[in-house]
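Given chain A, work out where chain B should sit, using these hints.
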Amino acid sequence: MNNETSNTTVSTAKAAAASDKSTLDYLKHNFREYGMLVTLVAIMVFFQYMTEGTLMQPLNLTNLVLQNSYIVIMALGMLLVIVAGHIDLSVGSVCGFIGALAAVLMVQYDWNFVPASLLCLACGALIGAVQGWFVAFFRIPSFIVTLAGMLVFKGLALALLQGQSVGPFPESFQKLSSGFMPDLLSSEGLRMTSLLLGVALAAVLAVAGLRARAGQLKHGVQVEPAAFFFAKTAVFAALLVYFSYLLASYRGLPNVLIVMAVLIFLFHFITGHTTIGRRVYALGGNEKAAKLSGIKTERLSFYTFVNMGVLAALAGLVFAARLNTATPKAGLGFELDVIAACFIGGASASGGVGKVMGAVIGAFVMGVMNNGMSILGIGIDYQQVIKGAVLLAAVFVDVYNKNKA
Amino acid sequence: METILEMRDIRKTFPGVVALNKVNLRVRAGEIHAIVGENGAGKSTLMKVLSGVYPHGSYTGEIVYEGQERRFVGIHDSERVGVIIIHQELALVPLLSIAENIFLGNETARRGVIDWMAAHTKTQALLKKVGLKESPATLITDIGVGKQQLVEIAKALSKEVKLLILDEPTASLNENDSQALLDLLLELKGQGITCILISHKLNEISRVADSITVLRDGSTVETLDCRAETISEDRVIRGMVGREMADRYPPRQPDIGETVFEVRDWNVYHPLHTDRKFIKDVNLQVRRGEIVGIAGLMGAGRTELAMSIFGRSWGRRISGQVLLGGKPVDVGTVEKAVRHGLAYVTEDRKGNGLVLNEDIQFNVSLANLKGVSRAAVVDSGREYQVAQRYREKLRIRCSSVAQKVVNLSGGNQQKVVLGKWLFTDPEVLILDEPTRGIDVGAKYEIYTLMAQLAAEGKCIIVISSEMPELLGMTDRIYVMNEGRFVAEMPTAQASQEKIMRAIMKAS
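Chains as they are written, first to last, in my numbering: chain A, 37 to 441; chain B, 5 to 511.
Looking at chain A on its own, in the form it has when it is part of the complex (with noise of 0.2 Å):
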């Protein structure tokens, strides 16, 4: 009897280490995937810090986001053209190239803003299409189709705008980046259906988060420790309501997050549920193994590079509605932010790895490093070699994680 109460009280100790020692092991697992996200709020502390508040004051914060949306937008788009194994360098120039083709329709042409937007997206279809049908059924390497579009397409927006700048949008059109949710509810300080529909997102991810563990638990699915799990959707939860209610004391949840909140959620859904972001990653993880499993590999990455097209028109026409001129230089440089925000989210060079949420989070570490030194006066001649060091520093880190695990 005694000999048994001793088993009972050593396998109970023996559990609980057991479980201490899984959150342990699960939280050095899935550094890779939260160490971002740590590293992202640690920035904005930093910053927030370093700028006295200024950082996450309602105005900047909507800056920040409206600064960083055409990044994000083709972040996405980036995300699965590198998990493909290729790359566009071309994102850039295609982005204002389309700036100036909606502004050569809409102000020059008077056209509406909805069939020019149509066609400016229809027309990133396009470019995407010819890209990736010499990547993908010729066999040119992607760096080099996509070295001569940037060339290309830069000098097309040149000829487009014939070496001027073409503004101002029609107001309607100018909405898409300069404009807010209406708030039906108050019209004056704290916009309280955006702080709603911040609250309503928040409860929504969570219960959705709940379901997802109810089924993996159902299935025998090992999931992530129950205290971790709760301690992350509460945190997340919280982080939600404080931004959207920080957005909604200026003037409520600009146009263009909602449009990026939609497509990150469905990237997100695509890359981590559907069978397509499935053959994505078989794809750039072992193309020959994905053949010979029946994947389409072609035509799959000519499709990666066809979204990609369709995003980088998005965000050129996000991009010109900000600036509210289409200029012959915009978009310079571009490409290489969203690569960047890529690679610092945790994306492989060689392909078959990368997460969407990682590419955001990417984008905006990007992000707030750029506002809070421009914030502090620093000048962008050091702005690029800290972003630069930053940069190497996070693929350093994720390179030497890999290796000792």
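Hints listed in this document are in silico derivations from the structure and should not be mistaken for laboratory results.
All of these numbers come straight from a predicted model, not from anything done at the bench.
Idealized CB from N, CA, C, for every residue including glycine.
Be aware that a few hints might be false.
[Claimed, not checked] Quick list of the computed label-pair ranges, beta carbon to beta carbon:
#, chain 1, residue 1, chain 2, residue 2, range
1, B, G355, A, F266, 41 to 49 Å
2, A, G251, B, E460, 29 to 37 Å
3, B, D334, A, G251, 37 to 45 Å
4, B, Q389, A, K211, 45 to 53 Å
5, B, R393, A, F432, 38 to 46 Å
6, B, N411, A, A429, 25 to 33 Å
7, B, G375, A, K254, 43 to 51 Å
8, A, K365, B, Q389, 54 to 62 Å
For chain B alone, coordinates are given in the frame of chain A:
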């Protein structure tokens, strides 16, 4: 005649495998010494030990060369004393010229500046020695494989070779080129160069060799002296395969039905050398519940045959018919092949079978994502259960199905690939070297699985270089050589000697 090389009690192990065990080799100066043995007998490993590719210290035993014990720690050491190895896969840079290749890493240079005139003159002299009339400026990619082989030998001559090692030099050569190469070896012998020749082609060996050492399962079996007596090919074959077959295969009662799978008049051309026919007039039938083996040496075209049938994954200008249950079916893409119930388990699981960086679950569902998804949305719960099912069925040893396959052992990786294909519910299962590089226990499990699938009425085709495996598991064996089926025999009437003889007679 004096001994130029003696290798004593060489033992070399890889994790979990003894590749060489107490190998002894004695080569006399100025002779052509052939080394024969089945695939995996340890021939290439032995030569890598000799040439320093596996450095001193990674093996035990000693190497005595020209009367001194040698401890080569790299290929540079062995080359310095005149031991030069020409590997089966030629080590030439295709887009450099003959002269550049010959002096690669050994340039005629002064302070880093190459003297091209001297290099050309020397190359011309070397090419003359090996009977090549090409200009030294010709690019390697512009000459055939046979001439490339001669360039390799010229390169060896440029390094003042005393002991030349050739690993399957004629494997990819046609008849004329092979003859020219053998003539050259005899000529080099006349100049006092000793040669070790690894070959599967016994007719070539009996033509040029002075002695033959037979390796089997990593040990020396015997050394035969061809000058003292005439050695028949059958005598050599007996030495190569003479091994007891233990009870290494699960018992099975074949229950064979009607013909289900049939390939007719299958012809395939090489994807790069498009004028070279690689698979020639192959006809193959498999009946319900039957396990059919395809025997042959490496390079016989077995993998290429299987892959060309499976969704035209290899080769060009493919012609012929595939029939299932008597009706012709279109298996022109992998997707269609899978839909018709074909599955091909690759010989190269890391290169062609698995997405190594992903987990077991990901890999098992990869060829049948529809089976775990609804309207293109993957149901991860169902996927997990499927992976669990195959984990239990195939006894995949892992911490969980969320473990990355890169961290699994070879046997367990193989089981993941098998699981992936079993989940497509195939009618015809092509297994290409299903037990290569995995341990005995896992082998037995895979054999058991094969027997079980055959008992369920599936058609199974096994490609294997291990003849005991074919004899132990199959009902019927096709023998393939140089792209052709050269023999077909019921396993009950087959033996290793018979298979080997069919291959040798054909080549």
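Review point. What are the numbers of the hints the structure violates, in ascending order?
Key: Result: hint 7 breaks, nothing else.
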